[in-house]
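As they're listed, the protein sequences go chains A and B.
The opening position of the first sequence corresponds to residue -4 in the working numbering, with each subsequent residue numbered one higher.
The opening position of the second sequence corresponds to residue -4 in the working numbering, with each subsequent residue numbered one higher.
A portion of the hints provided could be inaccurate.
What the hints assert, rightly or not - Under 10 angstroms between C-beta atoms, here's a sample of chain A residues computed to sit facing chain B:
# : residue
1 : GLU150
2 : VAL162
3 : ARG165
It should be emphasised that the hints constitute simulated quantities derived from the structure, not laboratory data.
This structure is a prediction, so every number in the text was calculated from the model and none was measured.
Think of the CB as a built atom: it goes at the ideal place given N, C-alpha and C, for glycine as much as any other residue.
There are 2 protein chains.
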Amino acid sequence: MTDRSAPIGVFDSGVGGLTVLRALQSELSGEHFIYLGDTARLPYGTKDPDTVVRYALQAGQSLIERGVKALIVACNTASAVAMPAMAQHYRGLPLIGVVHPGADAAVAATRSGQIAVIGTEATVRGGAYQRAILARRPDARVTARACQLFVALAEEGWTEGAIARAVAERYLGPLFGAEARERHESADTLVLGCTHFPMLRDTIRAVIGTEVAIVDSAAITAATARTLLRERGLINGVAHEVGARPLQLLATDGAARFAAIGSRFLGRPIEAREVELVDL
Amino acid sequence: MTDRSAPIGVFDSGVGGLTVLRALQSELSGEHFIYLGDTARLPYGTKDPDTVVRYALQAGQSLIERGVKALIVACNTASAVAMPAMAQHYRGLPLIGVVHPGADAAVAATRSGQIAVIGTEATVRGGAYQRAILARRPDARVTARACQLFVALAEEGWTEGAIARAVAERYLGPLFGAEARERHESADTLVLGCTHFPMLRDTIRAVIGTEVAIVDSAAITAATARTLLRERGLINGVAHEVGARPLQLLATDGAARFAAIGSRFLGRPIEAREVELVDL
C-alpha cells in the first residue's frame, strides 16, 4: 500500500517547472512536494534523446528513493522522450508529463481545429506536441513556433511592459494577426508548451485577444495530477495551513541562481539555503 | 620548428566564438582556421570550474591533434578559468583567451577609470574581467551588468530595430544615462564581455552615444593574436583569395542549428554539411 501522506515528486531540468509546482500546490493544497531541478545539466532540449532518458531515470530514481507516491515530469523535453522508459522502470507509480495533458486540453478547447503551439526551439523541433495533438485529432492543423526570447524574458523577470509586449507581438502576430485571420489560418487555441511561458500569460493574452483559448500546460498538468491521484485514492486528506505547505527544493547546481529566479516562478521568495544540492 | 602554414585553432562552447573567428579572418587573411564549438555541453558558464578546465583541455587536445600552430580560446568562461591549465599542458603553443586582451584594451581606452563590463550572468558573476581590469589599473571603478537578453536577441537575429533598442536602453540606461552622469558614475568605456554582443554593436552604440569607447573583445583578441603570431614568426605569408579562406568547422552536436545561427555570427552562409560532428 502506498502511503497517501507521502510526498509528490516534481522533476524538471531547471527552474521552469516551478510554474508547474505552483499550479500543483494550488490544486493539491494538502500535499507535500519534493522538487528536483537538474540545473547542472540543463538545457535538456539540445541533448541526445538517449542522454535525456538517462538523466530522467536518474532524477526519477533520486525522487523515488525519497519516497514519492507520484512523479510529475515538468520538463517538456523529458516528457516528450523519457516517459515510456520511466513508465517501464517505475511500474505502478503514478507518472504524469506535461505534453499529453497539454495536448488533451488543446483538443478539448479548439473549435476550428487550428491550434498554435509555442515552446523552446528544442520542443518545437522535436514535434512532441504536434504529434500528440494529431494523434488525438487527426484533422487538426497545428502551427508551432519557437519563442526563445520568452525564456530569457521570464528569467530576467521582464514579463510585462513594452519590451515583453513588443516581443510577444513579433512572435505571435504572424499566428494571430489580421493576415492570419484573412487567410483563415488564425488559431483559436494557443498551447504554452514551455514551463517558462505561463509567466508571460497576461502579456500573451493582451496580444492575442480574448477569443483565443490559452492552454497553460502547468495548470492542466496539475489538474490531471489531481484527477489521477484521486482515482488511485492517493490524495492526502489533511489540508495544511495556507503558507505552511511542506516543500523540499533540490537542485544539482547553483542554489543562489535557483533561489533568485525560482522565486519569481514559484511566486514566493526562496532563500538559497532552502535549496539542497544533490548529485544524480 | 612549427609549420607557419599550419592552421589556427579557435575554441568556444558554442557559436558565439564565430564573432571572434570572423575578426581573426579579417586580421589574418592568409590563415587557415579550425573552429570547434562544444555545442553538446554548452553553456560552460553554469558549470563547475574543474569541469570547464576538463572540457577545455579536451577541446584543446582535439585541435592540437589536428596540427594547429596556435590556439584561441574564444569562450569567456574557459578564458577565465582554464588558461593556466591549458598553458601548462600546451607549453610553447601560442595561446590567447578573450579576457586579458579585453582588459588590456579597456584600460588603454579609459580616461576616467570608470569602466562598464557587460556579459552573460556567469561571466559577470565570475568576475574575471573585473579582476583583470583591477590588476592592470587598481584605481579603476568597474561596474558589471549581466545582459542575458542580448544573447537571445543575437541568436534570434533580432539585433536591430525597436526591440533590440528597448532592451539595450533598459540594460545600459542605468550605466550611461543622465542619472549615472549626474552621479559621476557614467563609464567612459564599455567592454563587450560576451562573444554574442558584437552582433548588437550598432544598437549598443546608438544607445550609449559616440563618447563612450566600446571594447569589442572579438576584435581585440584578433589583433592580439596577430601580434603574437608575428612575434613568433608564425604568420602565413601566402594570402588566400578573398572568399577562399580555408575553414574547418567542428561541433559536438547540432550541425543544423550551428549552421543556422552560426551563419549570422560568421557573416556568411554556413551549410549544415560543412559542420563536422566530433566527439571530445
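For each hint, the structure was consulted:
1. GLU150: holds, 7 angstroms
2. VAL162: holds, 6 angstroms
3. ARG165: The hint holds - ARG165 (chain A) has a Cβ within 10 angstroms of chain B, the shortest such distance being about 7 angstroms.
In this structure, every one of the numbered hints holds.
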